[in-house]
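Engineer: Okay, here's what each chain looks like letter by letter:
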Amino acid sequence: MANEQKNNSSNRVYIFVFFSVVLLALSLWVVWDDEFGLRPWKKYQQEFKTLKHDKLESEYRKAVVDFQRSGGHTRLAELEARLAKAEAVFQSPANQEKYKQLTTQFDDIHATAASNQKELQNARGKFLESEYYFTKTQKPEYKATMDLLQREIDAINLRRASIQKKEEAFKNALNEMTSATVNLKAEIEDMKKGLEELKEKIASNDKVAVEIKQVHIKDIDKADRCQSCHIGIDGKHQVSSLQPFTKHPASFVYLDHHDPSKFGCTFCHRGQGRATTSVEKAHGKVKHFDEPLLDGDMTQTSCLNCHGDIKGLRGAEQIGISTELIKKYGCYSCHKIPGYESIGDVGPVLTEVGSKVNYSWAVNWLLDPKKYFSTARMPKFFFTQAQAEAIADYLFSMSGTTRHDVDYANTQPNAQLVEQGKTLWSQARCNLCHTTGGRGGNHIKVYAPDLSKVGSKVNKEWLFKWLKNPNAYFPGTKMPRFRFTDQEINALVEYIVSEYKDDEAEARYVQPVEIKAASIKKGKELIQQYGCYGCHKLQGMEEMVQIAPSLKSQGVSFLRKDEMREKIGTELSSIGSKPLEMLDFGKLAKAIPNDRLSYLKQKLRDPRGFRLGLRMPDFRLSESEVNELAAVLYGFTDANVPVRFMVPSRQELDKMAGVQGYKFTGDFAKVIADVKCTNCHSIKGIGADYAPDLSIAGSKLQEKWIRKFLANPDVIRPLLQQMPKLGLTLGKPAAKVTMPKFNLGKQRVEDTNKSDVDVVVDYFQQELVTTDIPKAIPTITTMALPEQISKGKALYEFKGCRSCHQIGLDGGALGPNLSDVGNRLQPGFIFRHLENARKFKPDIVEPDYGFTERERIYLTNFLMTLKLNTK
Amino acid sequence: MKSLPEISEKVRKNLIWKSIFRRDYRNSIRDRAQAVFGNVFLHLHPVQVRESAVKLRFTWGMGGITFFAFILLVITGVVLMFYYHPSIDQAYTDIKDLEFQVPFGVILRNLHRWGAHFMVIVVMIHMFRVFMTGSYKAPRQFNWGIGVFLLVLTFLLSFTGYLTPWDQLGFWAITVGTNMGAATPLLGYQGPFSEYLHITPYNDIRFALLGGAQVGGNALLRSYIWHCVAIPLISIILMFVHFWRVRKDGGISKPQK
Numbered sequence: 001m002a003n004e005q006k007n008n009s010s011n012r013v014y015i016f017v018f019f020s021v022v023l024l025a026l027s028l029w030v031v032w033d034d035e036f037g038l039r040p041w042k043k044y045q046q047e048f049k050t051l052k053h054d055k056l057e058s059e060y061r062k063a064v065v066d067f068q069r070s071g072g073h074t075r076l077a078e079l080e081a082r083l084a085k086a087e088a089v090f091q092s093p094a095n096q097e098k099y100k101q102l103t104t105q106f107d108d109i110h111a112t113a114a115s116n117q118k119e120l121q122n123a124r125g126k127f128l129e130s131e132y133y134f135t136k137t138q139k140p141e142y143k144a145t146m147d148l149l150q151r152e153i154d155a156i157n158l159r160r161a162s163i164q165k166k167e168e169a170f171k172n173a174l175n176e177m178t179s180a181t182v183n184l185k186a187e188i189e190d191m192k193k194g195l196e197e198l199k200e201k202i203a204s205n206d207k208v209a210v211e212i213k214q215v216h217i218k219d220i221d222k223a224d225r226c227q228s229c230h231i232g233i234d235g236k237h238q239v240s241s242l243q244p245f246t247k248h249p250a251s252f253v254y255l256d257h258h259d260p261s262k263f264g265c266t267f268c269h270r271g272q273g274r275a276t277t278s279v280e281k282a283h284g285k286v287k288h289f290d291e292p293l294l295d296g297d298m299t300q301t302s303c304l305n306c307h308g309d310i311k312g313l314r315g316a317e318q319i320g321i322s323t324e325l326i327k328k329y330g331c332y333s334c335h336k337i338p339g340y341e342s343i344g345d346v347g348p349v350l351t352e353v354g355s356k357v358n359y360s361w362a363v364n365w366l367l368d369p370k371k372y373f374s375t376a377r378m379p380k381f382f383f384t385q386a387q388a389e390a391i392a393d394y395l396f397s398m399s400g401t402t403r404h405d406v407d408y409a410n411t412q413p414n415a416q417l418v419e420q421g422k423t424l425w426s427q428a429r430c431n432l433c434h435t436t437g438g439r440g441g442n443h444i445k446v447y448a449p450d451l452s453k454v455g456s457k458v459n460k461e462w463l464f465k466w467l468k469n470p471n472a473y474f475p476g477t478k479m480p481r482f483r484f485t486d487q488e489i490n491a492l493v494e495y496i497v498s499e500y501k502d503d504e505a506e507a508r509y510v511q512p513v514e515i516k517a518a519s520i521k522k523g524k525e526l527i528q529q530y531g532c533y534g535c536h537k538l539q540g541m542e543e544m545v546q547i548a549p550s551l552k553s554q555g556v557s558f559l560r561k562d563e564m565r566e567k568i569g570t571e572l573s574s575i576g577s578k579p580l581e582m583l584d585f586g587k588l589a590k591a592i593p594n595d596r597l598s599y600l601k602q603k604l605r606d607p608r609g610f611r612l613g614l615r616m617p618d619f620r621l622s623e624s625e626v627n628e629l630a631a632v633l634y635g636f637t638d639a640n641v642p643v644r645f646m647v648p649s650r651q652e653l654d655k656m657a658g659v660q661g662y663k664f665t666g667d668f669a670k671v672i673a674d675v676k677c678t679n680c681h682s683i684k685g686i687g688a689d690y691a692p693d694l695s696i697a698g699s700k701l702q703e704k705w706i707r708k709f710l711a712n713p714d715v716i717r718p719l720l721q722q723m724p725k726l727g728l729t730l731g732k733p734a735a736k737v738t739m740p741k742f743n744l745g746k747q748r749v750e751d752t753n754k755s756d757v758d759v760v761v762d763y764f765q766q767e768l769v770t771t772d773i774p775k776a777i778p779t780i781t782t783m784a785l786p787e788q789i790s791k792g793k794a795l796y797e798f799k800g801c802r803s804c805h806q807i808g809l810d811g812g813a814l815g816p817n818l819s820d821v822g823n824r825l826q827p828g829f830i831f832r833h834l835e836n837a838r839k840f841k842p843d844i845v846e847p848d849y850g851f852t853e854r855e856r857i858y859l860t861n862f863l864m865t866l867k868l869n870t871k
Numbered sequence: 001m002k003s004l005p006e007i008s009e010k011v012r013k014n015l016i017w018k019s020i021f022r023r024d025y026r027n028s029i030r031d032r033a034q035a036v037f038g039n040v041f042l043h044l045h046p047v048q049v050r051e052s053a054v055k056l057r058f059t060w061g062m063g064g065i066t067f068f069a070f071i072l073l074v075i076t077g078v079v080l081m082f083y084y085h086p087s088i089d090q091a092y093t094d095i096k097d098l099e100f101q102v103p104f105g106v107i108l109r110n111l112h113r114w115g116a117h118f119m120v121i122v123v124m125i126h127m128f129r130v131f132m133t134g135s136y137k138a139p140r141q142f143n144w145g146i147g148v149f150l151l152v153l154t155f156l157l158s159f160t161g162y163l164t165p166w167d168q169l170g171f172w173a174i175t176v177g178t179n180m181g182a183a184t185p186l187l188g189y190q191g192p193f194s195e196y197l198h199i200t201p202y203n204d205i206r207f208a209l210l211g212g213a214q215v216g217g218n219a220l221l222r223s224y225i226w227h228c229v230a231i232p233l234i235s236i237i238l239m240f241v242h243f244w245r246v247r248k249d250g251g252i253s254k255p256q257k
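Here the protein sequences line up with chains A and B, keeping their order. Position 636 of the first sequence, counting from 1, maps to 636 under this note's numbering, and the rest follow consecutively. Position 148 of the second sequence, counting from 1, maps to 148 under this note's numbering, and the rest follow consecutively.
For each label pair, taking beta carbons as the anchor points, the in silico distance ranges come out as:
# : chain 1 : residue 1 : chain 2 : residue 2 : range
1 : B       : Ala173    : A       : Ser20     : 37 to 45 Å
2 : A       : Leu24     : B       : Arg30     : 32 to 40 Å
3 : B       : Ile125    : A       : Lys336    : 56 to 64 Å
4 : B       : Val148    : A       : Ser573    : 48 to 56 Å
5 : B       : Pro255    : A       : Ser20     : 26 to 34 Å
6 : B       : Gly211    : A       : Glu571    : 29 to 37 Å
7 : B       : Asn218    : A       : Lys655    : 33 to 41 Å
Straight-line C-alpha distance at most 27 Å; calculated BS3-like pairs for lysine-lysine:
#  : chain 1 : residue 1 : chain 2 : residue 2
8  : B       : Lys96     : A       : Lys578
9  : A       : Lys222    : A       : Lys281
10 : A       : Lys281    : B       : Lys96
11 : A       : Lys867    : A       : Lys799
12 : A       : Lys262    : B       : Lys96
13 : A       : Lys465    : A       : Lys501
14 : A       : Lys185    : A       : Lys199
15 : A       : Lys380    : A       : Lys587
16 : B       : Lys96     : A       : Lys218
17 : A       : Lys49     : A       : Lys201
18 : A       : Lys192    : A       : Lys207
19 : B       : Lys96     : A       : Lys43
20 : A       : Lys222    : B       : Lys96
21 : A       : Lys537    : A       : Lys380
22 : A       : Lys524    : A       : Lys370
23 : A       : Lys42     : B       : Lys96
24 : B       : Lys96     : A       : Lys213
25 : B       : Lys96     : A       : Lys287
26 : A       : Lys247    : A       : Lys281
27 : A       : Lys42     : A       : Lys199
28 : B       : Lys96     : A       : Lys285
29 : A       : Lys867    : A       : Lys708
30 : A       : Lys775    : A       : Lys793
No lab work stands behind these hints, which were simulated from the structure alone. Note that CB positions come from ideal geometry on N, CA and C, so glycine has one too.
The shape of chain A in the complex, shown without the other chains (with noise of 0.2 Å):
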């Protein structure tokens, strides 16, 4: 019994000893895990640490190689042998015996020149309490006081200029005992100073410390820890071309305008700044984690949180692009997207599209726009033949027409007036905005529909209309009245639906047919279900707006017409940190990556897949655009910004400083409005950026040049961006304002009777004007104007201009043709744009040759002088 107990007991021992290693290995485990296994950014700090030390170490191997190749080594030893040299002199007995002399007595002179200094402060305290005395009581012997006191201090101040004489010879006697070794060890020193820096660089990196790197963005507690791994992310050098220890790209773009230790790294990559245990943490790539980290062009998503204009915005410039597809595609107009609140209906108004189009073509339209023309913008909603009808019976019966074709198949167009058609179109340049068979549309941004099949699109009678006034059938569109004659346009009708005609296009209704009245209502209820109105102005839903469905459900279902509404879709302005759990993924779920960009990606490749019952249309968007715009949508979030990091628009910061935008004024207001010229220029920051900028135009060009141009624009670049011929009227007698052309626009003719190259030129010149464009340039007296000339033509050739410019048939295509620049453009702004071409237009490729003024003066006078004879 008792030798049993005793093996139990030997046994446990057993036990007791195996849990005890077990758990001192746990033990040493956990502390070996939390400093290193927990901690991996050590190792590239110390990877770093030696990468850099490696560098250094061969740039100052470099350094003394070089020393040596350049001499730098023979010199240094001359030069030490000479320092030698001077010191043996200078310890000489004799040297030495007189150098302890000097200083004896130097030190002599100046125990004096103290004591001096002494007895000077002494007399003049007893100065002033004289003075004091006898500013207070005015009695005479204080005054007398003072001025013994007075000759005291004279007498002083003299002593004083000897004594600093002869302290200064003594001085200057020592210097020039050890003048030469003190100025040799100078020189060495100085040579040494390259290699001593390099040296002591490799010193101090050796002596960084490894620790966590954390930037801390107090106004919104936000921790990053990112450089601790990404340790050379702000270096000015690489070190290594690897990660993690890369520079930032491009960083001075990024970095240089958002300070690393201001800004953090997370507030624009996003990630978990925080965690520092592994990559995949760190850059938020694991489960349960919503923000994982933008890396390339996507982070690009995270300017829209701070800046307020994208376009234009260096370094965005992709997000920049992407934007313009909500223009584009008219996201706003379903959707609340906020910066986009302001912008007008993307398509076009259809209040009398029943007397424009073919009921045929409507009805083949609404199935499928893309069957239709390619680059349709508007999407598909994928109705019914019955569905697709009823919107159209609706529509048609709006404008109070039937069904209706009509067919120009079998009519003979007139051949004269086709041939005057044909010129008229090419002269106006409707290929401009126009594609007609896969040509043109080179001004994208116009989005201006293809009209390779319009002949059986549309009637004559509504063309005709259209050409005559655009803005009467559609105020606000883009597409300018070209300034016709009712003869012309007759013309340009009949060769556009003579040759653009489709020779597939069905024409049912040839003979018209009633619609029926439940055709209509069908029609309606569609409309309103998926929204029409949002994109398109109709008739009878002018004031159409979708009930917030919160509202609905407390009851309400009328509202006044500004009180809170909502738009058909969701609200998009913080979709990019909507919070995962409240995107609905339904059929999806299993089927892609459960993370909010695959959502939006999903979303707009196939907007009614993830269940039944959804209303967004397909807008059949490319691989690409879907990118782009989930790009966009990723970056409309309601992140967390200190104000102190917010850009806001220039809209903005005019509306918060009180400033009134630029408004054009008076008849210019009128041509704008008829012409569209901000179509494609840019006036005062409004218009497009497709041609030139004409802010300052008054000052830049010449009055005589810019009539001729507007009534016969010509090519100034020869690039495909060719100004169209609008039919301004050069008119100075008044009796031509009184041509048809300008029937429709009768308020001129009361208003001021003006042409409208007038109208133009007159604003150009009041308003369109910069104070700093000299209206003329400086003159140089002393010398003739013909050598001024022949020095800047020599300038010119000197310089190179030639590869970009072209003087006559000569020269490259790069820049504007200067052939007949004497004509074009105002001396003082050639002046002004060759001291800094960039001040008027930023984003010039025009290099800075750094001018002096007099070689602008000669290049300005030599431009001025070539001109094209017109006569």
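Based on the hints, put chain B in the right spot on chain A.
Structural biologist: Below, chain B alone, put in the same frame as chain A:
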């Protein structure tokens, strides 16, 4: 060079040694009993334990293990309090920083979390054992009652600690848990007769637990204080009563012969 016994002799004769241990120890029955009596930590414990009471097969040692888990949780909990702010802005990031930044933070937090789960399980097994061996019977009825209170307190400790990381799991657990309170008769506004008793969402048990009608900053602070101060204090007092009564009710229960 002095021999080891000599050094040991000198240490034992030292005044400091004497003031701590008060008397010599000779490994006699009397001295062993004195050692237990004279120690503030051990004096709750009986001086003599029957051999049968030490048999693991009968008691499973669950009561002792529960107490061990409690001590572990108190120690790790106190250290965790150094790194934690009970505010909604900081709570979650503090927990994350325990993983990412605090020295030994990972083992510290995991010891506390898993230790808590462990304690809940062990305390239930303890109760199960007491029930199955009939140890709740006279004269131990009172101590059974204390034990039930301690079980509830253990659950409450676990429940209040659940919210402190301020993550989705804790947030919704507390939401659901307190909503259950809101539906409890006579305590919550959703319980029966609540309108006759004038119980509203703003004066019921849920409001008292959350310091508001929703899970928010107040709820976090309340659960923090319940978790770290109030409930541990009550538990410690009840535990002393529990241990004391074990002794007074005839020692640790043992198989009946």
